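S.K.: Protein chains in written order, with full-length UniProt numbering: chain U, 1 to 99; chain G, 1 to 523; chain Y, 1 to 280; chain E, 1 to 648.
None of these hints come from the bench; they were simulated from the model. Among the hints, erroneous ones may be present.
To be verified - In silico DSS-like links for lysine-lysine, alpha-carbon gap of 30 Å or less:
#1 E:LYS162 x G:LYS471
#2 G:LYS513 x E:LYS213
#3 G:LYS391 x E:LYS162
#4 E:LYS213 x G:LYS516
#5 G:LYS512 x E:LYS213
#6 E:LYS447 x E:LYS549
#7 G:LYS493 x E:LYS3
Computed from a predicted model, the values in this text were never measured in an experiment.
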Amino acid sequence: MNPVNYLYLAGLLFTIGATGVLIRRNAIVVFMCVELMLNACNLAFVTFSRLHGNLDGQVFAFFTMVVAAAEVVVGLAIIVSLFRTRHSASVDDASLMKL
Amino acid sequence: MSFPLLTATAALPAVGAVATAAVPAARRTAAKWLALLVSLGTLALAITVLVRFDPGGARYQLTESHSWISDFGVRYELGVDGIGVALIALTAVLIPFIVLAGWHDADPLETGSRRWRPTQGFFALILAVEAMVLISFEATDVFLFYIFFEAMLIPMYFLIGGFGDRAHAQGEQAASTQRSYAAVKFLLYNLVGGLIMLAAVIGLYVVAGNFSLQQIAEARANGSLHMATSTERWLFLGFFFAFAVKAPLWPLHTWLPNAMQESTAPVAVLITAVVDKVGTFAMLRFCLGLFPGASRWATPVILVLALISIVYGALLAVGQRDIKRLVAYASISHFGFIIMGIFAMTSQGQSGATLYMVNHGISTAALMLVAGFLISRRGSRLIADYGGVQKVAPVLAGTFLIGGLATLSLPGLAPFVSEFLVLVGTFTRYPVIGIIATFGIVLAALYTLVLYQRTMTGPVKPEVSAMPDLKVRELLVVGPLIVLLIFLGVYPKPVTNIVNPAVRHTMSDVQKKDPKPEVEAAK
Amino acid sequence: MSAQLAAYTTSTGEAFQFWVLGTVAVLGALCTVFMKKAVHSALSLAGTMIVLAVFYLANGAYFLGIVQIVVYTGAIMMLFLFVVMLVGVTAADSLKETIKGQRWLALLCGVGFGVLLLAGIANASLKDFAGTGQANANGNVEGLAALIFTKYVFAFEITGALLITAAVGAMVLTHRERTERAKTQRELSEQRVREGKYVPPLPAPGVYARHNAVDIAGLLPDGTPSELTVSKTLRERGQIRDVSTDAINDLRALEQRSEERLERTPIEPETFKRPEEASK
Amino acid sequence: MEKLIALLIAAPLLGAAVLLVGGRRLDRVGHWIGTLLSTASFVFGLLLFADLLGRNAEHRTLTQHLWSWIPVEGFQADVTLRLDQLSMTFVLLITGVGSLIHLYSVGYMEHDERRRRFFGYLNLFLAAMLLLVLADNYLLLYVGWEGVGLASYLLIGFWQHKPSAATAAKKAFLVNRVGDMGLSIAIMLMFTTFGSFAFGPVFGHVGDASQGKLTAIGLMLLLAACGKSAQVPLQSWLGDAMEGPTPVSALIHAATMVTAGVYLIVRSAAVFNAAPDAQLAVTVVGAVTLLFGAIVGCAKDDIKKALAGSTMSQIGYMVLAAGLGPIGYVFAIMHLVTHGFFKAGLFLGAGSVMHGMNDEVDMRKYGGLRKYMPVTFVTFGLGYLAIIGFPGLSGFFSKDKIIEAAFAKGGTEGWILGGAALLGAAITAFYMTRVMLMTFFGEERWKNRPTRSPGAPSAEPAAEHRGEHAEPHPHESPKVMTIPMIVLAVGSVLGGGFFSIGDRFLHWLEPVTGHSEGHSPVSAGEVTAATMVCLVIGVAIAWAQYGRKPVPAVAPRGSLLTRAARRDLLQDDFNHVVLVRGGEHLTRSLVYLDHSLVDGVVNGTAAGFGGLSGRLRRFQNGFARSYAVSMFGGAALLVAATLLMRAV
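Bound conformation, chain U alone (with noise of 0.2 Å):
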């Protein structure tokens, strides 16, 4: 087997993961698919490192762990303040980019 099929694995998840950021409307959801295409990523990160034979792509895959972390902190607390709100966490229903 070729290493390949990680890339397309990545791949493959990273569109899943997109098209569920599209699909779902509850804040908590699109937030996890957006974990999984972060993930997806990683995955590649991890095999471009295998495939050229040196660790940056790790410590690019660890950079995107922390920051992903990092972003996950902030995002639900940002849904928890939300649905304190509106008591709601779909993401239609902070439609006030509309002028």
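For chain U, the structure is supplied; the task is to place chains G, Y and E on it using the hints.
M.R.: For chains G, Y and E alone, kept in the frame of chain U given last:
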């Protein structure tokens, strides 16, 4: 490194603008006096420029040059030739009168109207406009010029949109909507022009590699910079379009009547007597200076357009019911004369055009400001609302008449000299156009006298029966202007002496010689 | 083991592992997207992540594999579950689409993107894998550390700052400042009287001895449950258990048995139906 | 001595400035300042005249260079004054008659509260007129030319509260502007032809110029002359100009300004001599106008309008003479001067009559006034005799010479022109006699009835002071008014004789205009005889019509010609229909076009953009997810793009 006189001349009003705006709201009068002082100071500086300028000397004098944006070869280059000096003087002379005439235009409205009128803002904006106009008369770097040519629009926009006549026929609401319409129209027209010019400016940089007017002109002269004919023409059109909008030339003129109609008289004067001059001035300096070939190529079309402006503007002026609109269309007709003089490519034409810019500034100021005083008294711009004013306010009527006579370029008043020069200059090369343009003087007489007859003569309308005559402040505004008109009409030599050498340079730019008179040609 | 990993193609063992776990990962991802309940999504996502952790390990990223399990599945997913709990474990959001054409557009874009991406990877012609053999020669963690603390030290520091900021931010966002003094009981009662809605204190839940859980609505005299008796949070999550019917049915069963013992003519054994159900 | 020339102009100019700027505090003395300064100018004129007489004919041209006016590359306009016999003549006429009329106005405008301004305008006029005749180049002449136009505008519209006056003033200025257009084009032509427009160079190089150019210049100058001198086709303004105060009519619209056209033609003699076609045009215009004016004069009942018609026709004579070339120039000027005397006198007389008759202008409401205002009667009568060319009086000499010259032109032209001139003489005799009879003879039609008929436009507002609708009490005017009339009457009696005995005037002007005796097909005696016959006929008809039978107080319907003549031979109606109406329609449609078309395009574009953006707004539904879709789609596109780049 001598004292940067030109920079100072433009910087003083800029600083003054900031200072005026900073005056606390309560100290309204202080702001007015400050603005007046600043404008007078600028006048003093301008006069110094006038004195320091040596007509016999180099083409561009009092030059300053500093690197500004070195990556794009943009330099802060100032310098004045005779034409620039004349127009700087005009601007510096007019602004104090404008300030003085607008003394009460920005006072807070009487009770009942909620609109707060920021007096400080009004005068600050006027000074800002002056600063920008002065810079654009001084700039010899195309980019520098462009920036201020465009930046001018911002204060003008607020002046037009923010301050209208005190009283209005259809009430405050309608007034403000019409004002904003006029302001937006003004802005859009000039922005479009400016954008096209920007493209041309960039194109010029691509072709020439720098923005310096002198360097490019020299390079073109000694052939080291070659432009493809088509390129030159496109660039020329880009520049000319912007200037034609500003000037304004038919059919790009429709913003002017709205703008002048809706803004207060001093602002209207600021538009047509000062700001629009930048357009015609730029035609002389940039269109002819940078693209002589293309200018020669475009001359016939432009002359025809100018001719149309002359006749068309005059005819529409005859048809107007609104005093300010009438003056606006008259100005369009006059700008037609100026542009015609510039592109006739004869010494008389171009000297005449330059002289025309100065004289038209003064005469329109006189007429428009008096009209403003009249309107502020009756609270209406409609000609039909007046009648017999001459009986109750003879001085006002008299000054109004003199302004009108200047507008119809009566011999002995300044505009005659320039108008005749333009006509002669055109006639020597394009007789037919010259003759048709001469009809303009009849039409001018028509609209001026009709205006005077309908407003000033006839039985006294009851509404105007209690109209007070000119106050001292207003006399201080009009008197000097009229004196200036008469003086320049009888003895224009001071101006022509400054202008002639510059015109000689321009003529050599476009490689044109005056046609010889038949008699000498025969010999 | 790193020797085999360095090889150009992978061992059959890894291939087997990939195909099996890969399928699991994709299924997990799909479940994450399509599960009605957030909890289920979270759990399936956790599964996918664990699979990914295994893949990291297989790819020679031992440190990351562990971190993946510890940080992601351990911390982040737990955080998710906490939030889900706050918002309501069983709160199911319908998958019915509200924006016109959104779903189809989304699928179209998704498929298109995926196809393009895979195609891109396909024609990137990645053949020769260097493998992480000598990169991991003296330990994967040491290698990473060497990179992080030399080459990427600034990025590392900045991530630190980022984390701090995120933590503080989360606190600021979620922390509720009480602006005005809490209302006393007296004021509350006065307010209730003023507004004239439900003056007496709220009834207690679970009125039967055998059912006194907070999530059971007390019954009104006619045997219908009253929402008022259950706490607001539970109500919002829609987590009220309704026992009114079976309680009454039990009672009836009891009566029946006693009648049988007393040899009475049996009443027809029909179970009690809630009035509204009867009306259905 | 040259220094004095500038003073000629400076004096009245100063007067104008002082009076107009001075303000109310000068109201008491203003009129005297004006009169004084114009008289001063007259005195300077006399001094210069004496000086000129002292020199011999060749050296009688003085020039005074004041300053260089418009110095531009290849274009030199200087303020230079030139005094030669021709301008000297005019200077004396202008300042002399002008001063007299100033004096007259002191009395005439006595009750007008704006008298100071009136004198200011009068002085302004004098200055401009003097500049006109003293200028050394055409551009400077143009300044004077328009200056007198302005003065006449101000003075015609002096009673601005009367709409009729304001309109008349405007009309006068506009019609004149058309003429001025001709002048300016002529100047441009000169500039392109000779490279200058100063008299010296232009006349010097006439020989080198092409025929076509010269003809064009000539015609343009003629156009200018028509405008200023109220010649057909630009004559329509003169009649309305009578709205002005009578002294104005006397000075500007009879004696001086309207003769500027003649001056222009005679001054440009050199050009015209070289352009026969232009000359022919001049003569034709002159002939047509002299008949036109005469006919109009016959029909008018308004005394001033009748006199205006006569002015028109008299100037027609001058133009005709000027068109005849060297044989006519001198006589044109001579008739101009004598006409200046008697026509001014007649107007002043008319003014005095109106002054006595509550400003009544309708001659049908006069009659038998000779008993009440003897001085006016005598002076007016002398003027009358002079204008109809009664033997021995000035009109006789000058007009007779012109008629001779017309015949002397020779050929059919000569016969036609001469015939026209004779006919004109006859008609002149008729309408002047008519005026005379209707005014001073016959029964007193003003008795027992308020004068002002509702229709007739009221004249001077000063009338209020003199009892509006009461029955008029005809009375002689005060001394200050009669003295000028007497002086002018003397002038109109003796002037002609003084000039022509020994051809004084001829020799005086010859150096400037040149002179040549035409070979006339008819002898001078025959011409004189013919003139006399015409005169008698004219007078006889007039007597038969107005002397014997009483004059109806309301005008009879009259023949078609009469009715046409009352309306200036329908020329005004033509103007109104063609120019005014047409112009109104043109402007109105243009205004509409400007708003709908030129502006519409722009606004349309704006509206289009507005609509477009309104459509685009729909896509911004505010749902984060749909934005996300577009982002994702964009990302997909980017990937596709990169792949394509790879592939290519």
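S.K.: If a hint holds in the structure, say so; if it doesn't, say that too.
M.R.: Results for each hint:
Restraint check for LYS162 (chain E) and LYS471 (chain G): satisfied, since their Cα atoms lie roughly 27 Å apart, inside the 30 Å limit. Taking the CA atoms of LYS513 (chain G) and LYS213 (chain E), the gap is near 22 Å; set against the 30 Å cutoff, the hint holds. A C-alpha spacing of about 11 Å is found between LYS391 (chain G) and LYS162 (chain E), which places the hinted pair at or below 30 Å, so the restraint holds. For the proposed pair LYS213 (chain E) and LYS516 (chain G), the alpha carbon gap of about 15 Å is at most 30 Å, so the pair holds.
For the hint linking LYS512 (chain G) to LYS213 (chain E), the alpha-carbon distance of about 25 Å falls within 30 Å, and the restraint holds. Distance restraint check for LYS447 (chain E) and LYS549 (chain E): the Cα-Cα separation of roughly 18 Å lies within the 30 Å cut-off, and the hinted pair is therefore satisfied. Between LYS493 (chain G) and LYS3 (chain E), the direct Cα distance comes to roughly 22 Å. Compliance with the 30 Å bound is thereby established for this hinted pair.
When held up to the earlier numbered hints, the structure conflicts with none and fits them all.
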